[in-house]
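Make the full structure from the sequences, and use the hints.
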Amino acid sequence: MTSSQPDIARYTMPGIFQNKTILIAEDDETNFFLLKEYLSFSQAEIIWAQNGEEAVQSVKNNPDIDVVLMDIQMPVMDGNTAMKQIKKIRPDLPVIALTAFGVSGDREKGIREGFNEYATKPISRMLLIEILLRYI
37 MTSSQPDIAR YTMPGIFQNK TILIAEDDET NFFLLKEYLS FSQAEIIWAQ
87 NGEEAVQSVK NNPDIDVVLM DIQMPVMDGN TAMKQIKKIR PDLPVIALTA
137 FGVSGDREKG IREGFNEYAT KPISRMLLIE ILLRYI
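For any residue, its number in this note's numbering is found by taking its place in the sequence shown, counting from 1, and adding 36.
Calculated from the structure, these hints are not laboratory results. Careful, some of the hints might be misleading.
[To be verified] Calculated pairs, EDC-like style, for lysine to aspartate or glutamate (alpha carbon to alpha carbon, straight line, at most 16 Å): (1) Lys157 to Asp64; (2) Lys124 to Glu89; (3) Lys123 to Glu153.
Pasting the structure below:
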């Protein structure tokens, strides 16, 4: 048994997020289904918002959401604006930015503006689970 095997098991443990609700705000259907597949073993309830406005409405309508995975560039309302509105509704709700357009300094800026974490896509399953474990 190598030292990495327990880590791999931790990241794929069935039911790891049972009784947790994860809101995925992502306009790209392929990206949404990839994230959903990454979390399929976890038994989390997954809610899909296809733009920032839907994400804000989902948070208003569902007090059981435990964490938000937020794309930055979306139609109708972008992820930065949605995050700020969500933080006004539920200041303690973790909002994690996922962006395909990360450049140097974006992570620090995003966290300063209110995101709890800021990750660049494509994100690995292990990194996604590692981030989620910090917040739920």
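For each hint, the structure was consulted:
1. A hinted pair counts as satisfied when its Cα atoms are at most 16 Å apart, and Lys157 with Asp64 qualifies at roughly 12 Å.
2. Distance check on the hinted pair: Lys124 and Glu89 sit about 14 Å apart at the alpha-carbon level, within 16 Å; holds.
3. A distance of roughly 14 Å separates the Cα atoms of Lys123 and Glu153; the hinted pair therefore holds under the 16 Å criterion.
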